[in-house]
Amino acid sequence: MSAHLKQDQPDDRNVLDSTAQGIIGEPLTRPDGLLKVTGTATYSAEYDIENCLEGVLVTAPFAKGTVTSIDESSVTDMPGVIAVISDQRMTPRAIQGTAGEAPITGVCKVDYWGQPIALVVAETFEEARNAAKHLVIEYDADDDAVFDPQAVEPKPDDDPTRQGDLASAMSDAAHSVDVEYDTEGHASAAMEPHAAIAEWDGDTLTVHASLQMLNYNISELADAMELEESKVRLIARYVGGGFGSKLGISQEIVAGSVAAMELGRPVRVVMSRQQVFQNVMRRSETTQRLRLAVDSEGKLTAFGHEALVSNLPEEDFVEPVLQSSHFLYAGENRLLESKTARIHLMTAGSVRAPGEAVGMPVLEAAMDELANEVGIDPIKLRLNNIPEEHPATGLPFGSHKLAECLKQGAKAFGWDSGPRKPRQNREGEWWIGTGMASAARVHNVGEAKARVTLQPDGTALIETDMTDIGTGTYTILGQIAGEMVGLPQDSVLTELGDTRFPRGPGSGGSWGAASAGSAVFLACEALREEIADKVGQPVDTLTFKDGVVSWDGGSSSLADVAGDEALAKEGHYEPGDIAEDYTAASFGAFFTEVAVNRWTGETRVRRMTGAFGFGRVLNAKTARSQCLGGMVWCIGSALTESLLFDPTDGHLANCDLAEYHVPVNRDVPELEVIMVEERDPVGSPIQAKGVGELGMCGGAGAIGNAIYNACGARLRSFPMTPDKVLAAMPDD
Amino acid sequence: MKPFDYLRAEGLDLASQQTAPDGAMAIAGGTNLLDLMKLQVESPDTLVDVNPLSMDQIADEGDGLRIGAQATNTATANHARVRSDYPVLAKAILAGATQQLRNKATTAGNLCQRTRCYYFTNIDQPCNKREPGSGCGAIDGIARLHAVLGTSSECIATYPGDMAVAMTALDAKVEIANGDGNSRTVPVRDFHRLPSDTPHIDNVLEPGEIITGVTLPAPVGGTQLYRKVRERSSYAFALCSVAAIVDMADGRISRADLAFGGLAHKPWHDPRIGELLVGEEPSLALYDKAADLLLEDAQGYGENDFKIPLARRALTATLCEATGVEA
Ligand SMILES: Cc1cc2nc3c(=O)[nH]c(=O)nc-3n(C[C@H](O)[C@H](O)[C@H](O)COP(=O)(O)OP(=O)(O)OC[C@H]3O[C@@H](n4cnc5c(N)ncnc54)[C@H](O)[C@@H]3O)c2cc1C
Ligand code: SF4
Numbered sequence: 000m001s002a003h004l005k006q007d008q009p010d011d012r013n014v015l016d017s018t019a020q021g022i023i024g025e026p027l028t029r030p031d032g033l034l035k036v037t038g039t040a041t042y043s044a045e046y047d048i049e050n051c052l053e054g055v056l057v058t059a060p061f062a063k064g065t066v067t068s069i070d071e072s073s074v075t076d077m078p079g080v081i082a083v084i085s086d087q088r089m090t091p092r093a094i095q096g097t098a099g100e101a102p103i104t105g106v107c108k109v110d111y112w113g114q115p116i117a118l119v120v121a122e123t124f125e126e127a128r129n130a131a132k133h134l135v136i137e138y139d140a141d142d143d144a145v146f147d148p149q150a151v152e153p154k155p156d157d158d159p160t161r162q163g164d165l166a167s168a169m170s171d172a173a174h175s176v177d178v179e180y181d182t183e184g185h186a187s188a189a190m191e192p193h194a195a196i197a198e199w200d201g202d203t204l205t206v207h208a209s210l211q212m213l214n215y216n217i218s219e220l221a222d223a224m225e226l227e228e229s230k231v232r233l234i235a236r237y238v239g240g241g242f243g244s245k246l247g248i249s250q251e252i253v254a255g256s257v258a259a260m261e262l263g264r265p266v267r268v269v270m271s272r273q274q275v276f277q278n279v280m281r282r283s284e285t286t287q288r289l290r291l292a293v294d295s296e297g298k299l300t301a302f303g304h305e306a307l308v309s310n311l312p313e314e315d316f317v318e319p320v321l322q323s324s325h326f327l328y329a330g331e332n333r334l335l336e337s338k339t340a341r342i343h344l345m346t347a348g349s350v351r352a353p354g355e356a357v358g359m360p361v362l363e364a365a366m367d368e369l370a371n372e373v374g375i376d377p378i379k380l381r382l383n384n385i386p387e388e389h390p391a392t393g394l395p396f397g398s399h400k401l402a403e404c405l406k407q408g409a410k411a412f413g414w415d416s417g418p419r420k421p422r423q424n425r426e427g428e429w430w431i432g433t434g435m436a437s438a439a440r441v442h443n444v445g446e447a448k449a450r451v452t453l454q455p456d457g458t459a460l461i462e463t464d465m466t467d468i469g470t471g472t473y474t475i476l477g478q479i480a481g482e483m484v485g486l487p488q489d490s491v492l493t494e495l496g497d498t499r500f501p502r503g504p505g506s507g508g509s510w511g512a513a514s515a516g517s518a519v520f521l522a523c524e525a526l527r528e529e530i531a532d533k534v535g536q537p538v539d540t541l542t543f544k545d546g547v548v549s550w551d552g553g554s555s556s557l558a559d560v561a562g563d564e565a566l567a568k569e570g571h572y573e574p575g576d577i578a579e580d581y582t583a584a585s586f587g588a589f590f591t592e593v594a595v596n597r598w599t600g601e602t603r604v605r606r607m608t609g610a611f612g613f614g615r616v617l618n619a620k621t622a623r624s625q626c627l628g629g630m631v632w633c634i635g636s637a638l639t640e641s642l643l644f645d646p647t648d649g650h651l652a653n654c655d656l657a658e659y660h661v662p663v664n665r666d667v668p669e670l671e672v673i674m675v676e677e678r679d680p681v682g683s684p685i686q687a688k689g690v691g692e693l694g695m696c697g698g699a700g701a702i703g704n705a706i707y708n709a710c711g712a713r714l715r716s717f718p719m720t721p722d723k724v725l726a727a728m729p730d731d
Numbered sequence: 000m001k002p003f004d005y006l007r008a009e010g011l012d013l014a015s016q017q018t019a020p021d022g023a024m025a026i027a028g029g030t031n032l033l034d035l036m037k038l039q040v041e042s043p044d045t046l047v048d049v050n051p052l053s054m055d056q057i058a059d060e061g062d063g064l065r066i067g068a069q070a071t072n073t074a075t076a077n078h079a080r081v082r083s084d085y086p087v088l089a090k091a092i093l094a095g096a097t098q099q100l101r102n103k104a105t106t107a108g109n110l111c112q113r114t115r116c117y118y119f120t121n122i123d124q125p126c127n128k129r130e131p132g133s134g135c136g137a138i139d140g141i142a143r144l145h146a147v148l149g150t151s152s153e154c155i156a157t158y159p160g161d162m163a164v165a166m167t168a169l170d171a172k173v174e175i176a177n178g179d180g181n182s183r184t185v186p187v188r189d190f191h192r193l194p195s196d197t198p199h200i201d202n203v204l205e206p207g208e209i210i211t212g213v214t215l216p217a218p219v220g221g222t223q224l225y226r227k228v229r230e231r232s233s234y235a236f237a238l239c240s241v242a243a244i245v246d247m248a249d250g251r252i253s254r255a256d257l258a259f260g261g262l263a264h265k266p267w268h269d270p271r272i273g274e275l276l277v278g279e280e281p282s283l284a285l286y287d288k289a290a291d292l293l294l295e296d297a298q299g300y301g302e303n304d305f306k307i308p309l310a311r312r313a314l315t316a317t318l319c320e321a322t323g324v325e326a
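Residue numbers (numbering that gives the first Met the number 0), protein chains in the order written: chain W, 0 to 731; chain C, 0 to 326.
Rather than coming from a laboratory, the hints here were simulated on the basis of the structure.
Note that the structure is predicted; figures quoted are calculated from it, not measured.
Just to be clear, a hint being listed does not mean it is correct.
Label-pair restraints from in silico Cβ distances [claimed, not checked]:
1) W:L262 - C:E9: 41 to 47 Å
2) W:E137 - C:G22: 39 to 45 Å
3) W:E179 - C:K37: 54 to 60 Å
4) C:G22 - W:V135: 20 to 26 Å
5) W:V151 - C:D4: 20 to 26 Å
Glycine is no exception: its CB is placed at the ideal position from the N, C-alpha and C atoms.
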């Protein structure tokens with residue numbers, strides 16, 4: 000039996016507010032937490048599988064051209080070597096999220112430096128790695144590869160917004176800014192490298208892999224291997240971070256599967272750290288132009304945001320830089336347009352918060368410049384310009400907490416709304432300054448199925464192929480079910496990450512909790528109905544708590560209700576037409592204080608406050624952790640993170656965690672997170688929206704604005720490394 | 000990683016003989032060598048583990064201090080006399096790597112650590128240091144980390160470490176055993192080489208030579224500072240660093256032993272800077288002159304041009320801090 004909802008209407012019943020268990024939203028600890036911190040959670044590459052061979056990918060040392068021959072005999076006599084695989088089913092690129100079909104196949108044609116071209120399989124990892132370094136390949140490298148997005152004619156992307164007349168609004172305005180910013184490429188830099196173990200039993204292909212979206216991944220792999228989906232099983236119980244880099248299947252999964260099917264033995268392929276950096280996904284660098292103008296009241300009259308991004312030829316993905324710019328602020332004369340340059344750097348794809356991660360900081364930096372021009376408090380400028388409805392489509396917002404976030408965040412931070420002038424505060428050799436920015440992130444949901452079973456012993460089991468990529472899915476799904484059927488956390492077992500289970504949406508685009516959570520919710524609603532039937536009482540008179548269902552004059556334990564047979568219900572949630580009637584997005588605000596060294600330009604964040612409204616908080620601890628993680632990413636993208644590509648041959652130079660600088664502990668000060676309570680009836684039937692990415696959508700701008708306020712250096716380039724700060728810092 | 004033989008050193012002279020042939024290398028903490036072997040940048044046939052030689056003592060030697068070749072960076076930085084008498088060394092070590100790495104990293108390994116040049120560590124790129132004659136990828140490439148002093152047209156790599164920069168300011172000596180019971184001593188200031196046309200040779204160690212320790216001269220007091228400039232506040236190599244031992248007498252500078260990291264193929268020491276400063280009253284103008292001397296022959300390679308003004312500012316900041324000049 001299943002319960003199906005295609006959400007066409009807002010759901011403002013707020014069912015989870017009237018339940019009795021009292022665990023929804025509570026900061027419960029992760030059931031998988033102890034396993035992870037004690038190293039006993041088994042990640043994809045760690046399964047102990049008998050007779051398993053080891054594969055190591057060989058990659059192209061050139062950016063564009065054709066591999067003309069692979070001399071297998073150069074390694075076949077080396078110790079332990081079993082085979083060299085360069086099958087044309089292998090994929091040269093990682094697949095974009097939600098593709099759901101076979102990727103580009105064929106590895107002979109090379110489109111970027113570091114592209115996998117073969118797999119060397121040996122008895123041990125060391126043998127495979129050594130042989131991989133010795134494999135002789137011949138190739139014709141083209142000398143016309145372009146790596147600089149500014150050096151090619153870009154093509155406009157679909158759906159530009161043009162409203163009114165931006166140019167005249169700019170020239171007529173009381174105040175305006177017209178500025179160009181750039182941001183560098185980013186890597187996901189997840190801790191667990193991409194890894195797979197493929198097993199073929201002659202009929203079914205089973206792959207343990209580090210993936211975010213099994214529901215799509217199974218179609219991708221089945222299509223690539225020319226198998227029925229029913230002959231493929233994917234397992235990803237624990238994923239050591241994804242951040243977009245594991246949305247689609249990547250090269251090691253297909254290569255390992257081909258090898259396992261050809262050789263009849265299990266094959267493990269783990270990418271090296273360098274390979275993960277060099278051939279999975281990059282966030283595109285961007286160049287952005289912002290044109291903003293206000294009237295004498297501080298109301299926006301012109302809003303222009305243009306972006307240039309890049310990708311490989313034949314990739315559909317475009318870094319959606321303008322995504323939240325479409326609706327964050329008002330302004331009747333609008334121009335939003337993005338262009339893509341086709342270049343031969345590795346695939347550009349989703350890296351946490353695609354679009355807003357780089358679009359929002361730049362918009363928010365330009366807003367700071369505008370507030371400075373006008374001479375008003377930057378918070379006021381934002382409050383002045385929150386639109387009533389989507390400025391282009393006119394659709395109302397399901398709910399909208401930007402103003403509350405700005406106000407609550409400012410209060411908690413102790414924001415001084417007096418006149419702002421840079422270079423007012425120095426402590427020793429450090430200039431101190433503050434900055435703020437808004438946060439915004441579109442809200443998405445995806446189709447999701449989950450089964451909830453009330454077991455004869457009165458406990459519940461949740462099953463879905465949804466993944467937990469470190470976000471807390473195990474925890475929140477258990478909480479939703481526990482809340483709905485009246486069970487404490489330890490009486491609900493959640494099983495995830497196996498395509499044998501009902502299909503979930505996967506983790507990505509911050510949609511997992513709202514989508515998979517709604518499927519669990521629907522299954523539980525159906526369970527409650529069935530329990531009501533069994534006890535012969537109307538469901539709305541029942542109270543579910545601590546394993547007991549009670550009503551006026553009676554009660555029964557869930558174990559008794561279940562009897563000898565488990566009661567299983569499947570919940571099926573589908574996004575409906577609601578998106579045609581409403582705008583759904585999460586909002587927030589960042590406030591930060593930084594210190595900039597007057598001698599060296601080094602910038603250290605001293606404190607940061609984030610206030611966020613993202614619908615219902617399902618677990619105050621895991622939600623807070625998502626916000627914290629996002630704010631840490633803000634620090635990285637503001638100050639240190641940047642992919643460095645060689646201008647001559649396009650290879651990625653800084654391809655490990657020593658040289659690609661994500662923030663370390665010492666870079667991260669005390670972070671304060673305020674979660675602004677909200678119920679969004681449009682977001683999902685559990686009134687939740689996305690939070691996984693919101694925390695990094697704009698905060699880098701707040702840091703840049705604080706650098707200006709501290710030392711007077713207005714940088715228009717992220718990350719703001721000491722060399723750039725020094726170059727922009729006024730002389731003492 | 001190429002298969003290799005692993006030997007445990009049984010006596011210094013034997014170890015010296017064992018590391019003498021081409022393709023044999025000593026291994027200590029392994030934090031640098033193993034990484035490079037996995038990348039096939041180093042591909043020794045034989046590793047001689049020097050840990051059994053127990054060269055990890057830190058002990059007084061005359062008025063000075065002798066730090067064994069195998070003393071870990073953690074042990075050295077935490078040693079009571081290092082902290083009290085040679086604080087610049089403790090500060091420099093603690094500014095490097097991470098606690099976990101410093102627990103394994105040794106004195107000798109740290110001195111011999113190889114450059115972090117991106118092209119050196121990628122065997123699919125040209126690099127004269129890794130493969131003489133193959134060219135230098137960095138000169139026209141990503142040279143953000145690279146040297147501005149003492150470079151050659153063959154190589155612009157930096158020596159990346161911190162510890163040796165402090166040892167350079169302290170004028171420490173490296174003790175080297177070369178088999179048959181012989182040994183020699185080389186000032187740290189002369190231990191590393193400039194690249195010239197043989198960038199594949201980092202330092203003056205001859206095949207079969209084994210570092211046994213580093214001796215620090217009698218302590219000189221003064222204000223001892225180590226300033227390391229980097230975008231990430233920990234776990235990052237220096238864009239530029241300054242080790243300074245500065246003393247004042249009667250309002251004048253009486254000692255100024257300075258060394259610089261992140262600027263050259265070796266910890267940089269220019270004796271003219273000390274000579275210029277000693278005997279003078281501290282002032283910004285004086286420090287500007289010191290920076291002029293330091294950077295007289297500096298040459299940027301585009302991406303690292305910023306290091307030239309940065310080095311000037313780091314030098315000025317350090318001297319201001321040491322002498323209390325308000326700027
Ligand atoms: C991610 C990362 C970040 C780091 N950051 C910093 C930093 O910020 N600052 C810094 O200074 N360092 C840094 N390091 C480098 C670290 O300090 C060195 O790796 C370490 O000091 C090397 O010591 P080891 O004992 O492990 O050497 P090994 O790796 O064992 O050996 C290194 C070299 O020394 C030679 N060698 C070892 N012992 C002897 C001997 N007795 N005689 C002759 N030769 C010998 C070996 O043959 C080899 O060539 C970092 C390292 C890593 C991996
Ligand atoms: S700078 Fe030196 S180490 Fe770097 S590529 Fe050039 S030769 Fe090699």
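Which earlier hints turn out false for this structure, listed by number in ascending order? Violated hints (numbers, rising): 2, 3, 5; every other hint is consistent with the structure.
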